[in-house]
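Asker: Given the structure of chain C, go ahead and fit chain R onto it with the hints provided.
There are 2 protein chains.
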Amino acid sequence: MREHWDKALRILAEEALLGALGDAGIERPEAIWVGNMMSGQLSSQENLGALVADHAGLRGIEAFKVEAACASGAAAFRNAFLAVAGGMMDIVAVCGVEKMTDTMGDATTAALAGAADAVYEGEHGLSFVGLNALLMQRYMYEHGYQRRDFAGFAMTAHRNAVGNPNAMFRREISLEAFERAKPIADPVGLLDSAGIADGAAAAVLMPTAMARAHGLRCVRIKASASGTDAVALHDRRDPLVLEAGVLSSQRAYSQAGITPPELDFFELHDAFTIMSALSLEASGFAPRGGGVRLALDGEIALDGRLPIATLGGLKARGHPVGATGMYQIVEAVQQLRGDAGRNQLPNCRLGMTQNIGGSGANIVTHIFERVE
Amino acid sequence: MREHWDKALRILAEEALLGALGDAGIERPEAIWVGNMMSGQLSSQENLGALVADHAGLRGIEAFKVEAACASGAAAFRNAFLAVAGGMMDIVAVCGVEKMTDTMGDATTAALAGAADAVYEGEHGLSFVGLNALLMQRYMYEHGYQRRDFAGFAMTAHRNAVGNPNAMFRREISLEAFERAKPIADPVGLLDSAGIADGAAAAVLMPTAMARAHGLRCVRIKASASGTDAVALHDRRDPLVLEAGVLSSQRAYSQAGITPPELDFFELHDAFTIMSALSLEASGFAPRGGGVRLALDGEIALDGRLPIATLGGLKARGHPVGATGMYQIVEAVQQLRGDAGRNQLPNCRLGMTQNIGGSGANIVTHIFERVE
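Residue numbers (my numbering), protein chains in the order written: chain C, 617 to 988; chain R, 617 to 988.
Be aware that one or more of the hints could be misleading.
[Stated by the list, open to error] Chain C regions said to be covered by chain R (calculated; three or more residues, Cβ under 8 Å):
#1 658-672
#2 695-706
#3 727-737
Since the hints were made in silico from the structure, they are not lab data. Keep in mind it's a predicted model, so treat the numbers as computed, not measured. The C-beta atom is built at its ideal place from N, Cα and C for all residues, glycine as well.
One chain only, chain C, in its complex shape:
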């Protein structure tokens, strides 16, 4: 994942999709779902399901694009899961893709604002970074934190990215660098923010018994859930609680029959450091206002109590919006299959991914389990 100036949207998608199909030894799935947010605005291209299917040599199969802002990737995966888990289809594939560079002027910033409420937020010039700045400012004010208290999220992500060959920023950052980083929308600084990137990631879904029969190194989907909230921040009951995250994680825990402490790692949506804190709180790992403490106490490192962003997260692996949810899922699979290389967590059995659309309006949570 990086700035792929030489690769069009369709090429990024095709490469990821064929990679996943090759890994599973599948030539032709029954259907594909494409998770993407901005192909219309940034590449003048819709009809993306059919386009990607055809370019991947899968002409004729069913194909759909699913959009849920920055949660488009996991939302596409959830739709594919519903088809397979209900027995309506057997073998399907999901690809998340976004092409964000190589655009004109401020087109990408403007398109990203479509994840917010266009009438009550975007119309007033609030960018997506601006919304996160409001949340971070309020969080610091209510809970008495300082900017530097968020540094652990960014530093951990960068440290973990060093070991991930697919990551965009494979270098560590220091606390000093975090503090010196130029402000983007105060208090959000450059190193609080995930970079704009091009990328795609894909996976193949099929019933576990079928995957085993094929001798595949598979992972079980233990839970799949989502939830929504008001799109505009001012409409939320409490802007510092991601209610969609509470809903989707509770639904996921209930499906999986587990409690948060049983999870071995959590690929969360660290588009901004404030989102990491809010996601940890919504998912039951910390009380309201306590998410930042997990970073301060070093509990989120690879050897901590709850490793997050184990392969760099959005912050350092990169955040090509519609692809991000699928990167998280692929990385969870890497950990559970033992394919995470230098960043491999020992003996991990259960991992969770959480993909956040907008400033928290649509949140999709999945729990994956190692198959013995």
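Answerer: Then chain R, alone, in the frame of chain C:
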């Protein structure tokens, strides 16, 4: 359906969704799917699932947007169907919506071109009407038809729209008016083309047994299928055969266990008269080049062998792109429930809808059956 200058995208969606939920007596479905193509480009709004859910008073439920160009409505319905038919959810709702007026300059024409191949068609200035003009010209050349031979499609649609209070153009047109209509992209004239419109339509899905237990006047989904083809016309094996239509209709007939003559009506995708001809051929009602004959012979009228566009079709009811597939489905339900008013078909039992994305790249077909 018309130009709703006073209604924003979210209002159109909310009204349709609440109408469908009210009709079914459902307060809170488990999830909604929103079919939409151009909200990002024309309303600077994505995250549309969560936005519509919240504005319809359904905050918290699962919500997704599905895009498949002009087939977005039926594609959203198909995704919802997969969840319910597989037993993963019980009660869900689907809303198709598009806001196409009240835009700047040629924004709508440019956004519509996103249904074509942006690199190989759109980049060269080919508009969506232009693509249909190429198809119509080739069809006339190969099969020896004249422009006026297509008039029956438009005249039938306009005649049927008179009896539909939701239709945009409730007036008949004459053969002379059709022939005199100004050319848009020769040979496509103004009256070959469906109008640009704002609109939304919605439906509620649940297992048939549950609907009966609730005493609802329901309709059974007998088949749900889709198929894809190359997005760019020049990549197709035969540009005059809608292979995605062949695939999706054959899959639908197979699921339903019926043959085309058993259908009592067909809500087809008459965005352009040429699409009506190609859709009839792909769905097995006429051989290659024979679709226009059905119009010339009057077989598509309300009292003909295969009534189409029974409430005005895209041509005269209007064609708000992402909503169209859901309008077709709602109209099929109206016919099968006996709610079609002046346009009611006598004793109809089986009806088919076919929603076409792009110039034929993604085609979604459904068959509905009256529940006694």
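Asker: Look at each hint and say if it fits the structure.
Answerer: Here is how each hint holds up against the structure:
no.	hint	verdict
1	658-672	holds (count 11)
2	695-706	holds (count 8)
3	727-737	holds (count 8)
Going through the hint list in order, the structure satisfies each hint without exception.
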